[in-house]
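Chemist: Read off the chains here:
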Amino acid sequence: NAGVTQTPKFQVLKTGQSMTLQCAQDMNHEYMSWYRQDPGMGLRLIHYSVGAGITDQGEVPNGYNVSRSTTEDFPLRLLSAAPSQTSVYFCASSYVGLWGYTFGSGTRLTVV
Amino acid sequence: GESVGLHLPTLSVQEGDNSIINCAYSNSASDYFIWYKQESGKGPQFIIDIRSNMDKRQGQRVTVLLNKTVKHLSLQIAATQPGDSAVYFCAENIQGGSEKLVFGKGTKLTVNP
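Residue numbers (the working numbering), protein chains in the order written: chain R, 1 to 112; chain F, 1001 to 1113.
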């Protein structure tokens, strides 16, 4: 049982490049979400999904896209990377109605 | 601004002492609260939760207290160990609403040997 798996662990992008952060869970959780963590800012919700085919915006969605074609996967796309998107990104999942999220180990992204 | 915050950004204790980490929340409609522990370079880990119909809940060496009157949450760690050194976050949710959790900024706990 791998839990929540995020890839890559580290990434450096140039301004304007696009990329996809991968998130997969093997716990059959309906709910999945993406957070970014910046120093002194805690965790801020980017996008979330309550099931395959359903996504919604969180607190800081601008510059990011998501899709949920399967229960297991919830990729996060950066359309045109900006230095302000330098952060650590966490994916989390849970059963709907149970908010003890399981988090992945994070992706540290640097945009130069 | 964020509806969940913390009174102190850092806390330093001696090994074996008890630790108390505080959290204030501003949304009186929140009815579910969670504490997470985040070690350096790792994702947050669930520690303990509490619902608003309770004022205290105990786990293994941890106790969460909820005071709805002043909208205050605390995490008590008994006999703090070096392995407890981490950043601790509180998070809140409104049940029956969305699945979203709102996180506080975190308190860094350092345990001195």
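No wet-lab data here; the hints were simulated from the structure.
We treat Cβ as the ideally placed atom computed from N, Cα and C, and that holds for glycine.
Accuracy of the hints is not assured; some may be wrong.
With the C-beta cut set under 7 Å, the calculated list includes, among others, these residues of chain R facing chain F [unchecked claim]:
1) 39
2) 45
3) 88
4) 90
5) 103
6) 105
7) 106
Computed cross-link-like contacts, PhoX-like style, restricted to lysine-lysine with a CA-CA straight-line distance of at most 25 Å [to be verified]:
8) R:9 with F:1108
9) R:9 with F:1105
10) F:1100 with F:1071
Chemist: Work down the list of hints and note, for each, if the structure agrees.
Modeler: We went through each hint and held it up to the structure:
1. 39: violated, 10 Å
2. 45: holds, 6 Å
3. 88: violated, 9 Å
4. 90: Since chain F brings a Cβ to about 5 Å from residue 90 (chain R), closer than 7 Å, the hint holds.
5. 103: Residue 103 (chain R) check passes; min Cβ-Cβ to chain F is 3 Å, inside 7 Å.
6. 105: Residue 105 (chain R) check passes; min Cβ-Cβ to chain F is 5 Å, inside 7 Å.
7. 106: At about 5 Å, which falls below the 7 Å cut-off, the nearest Cβ of chain F leaves the hint on residue 106 (chain R) intact, so it holds.
8. R:9 with F:1108: Within the cut-off at roughly 23 Å; holds.
9. R:9 with F:1105: holds, 23 Å
10. F:1100 with F:1071: Roughly 19 Å between the alpha carbons, so the hint for residue 1100 (chain F) and residue 1071 (chain F) holds.
In this structure, the earlier hints numbered 1 and 3 are contradicted, and the remaining ones agree with it.
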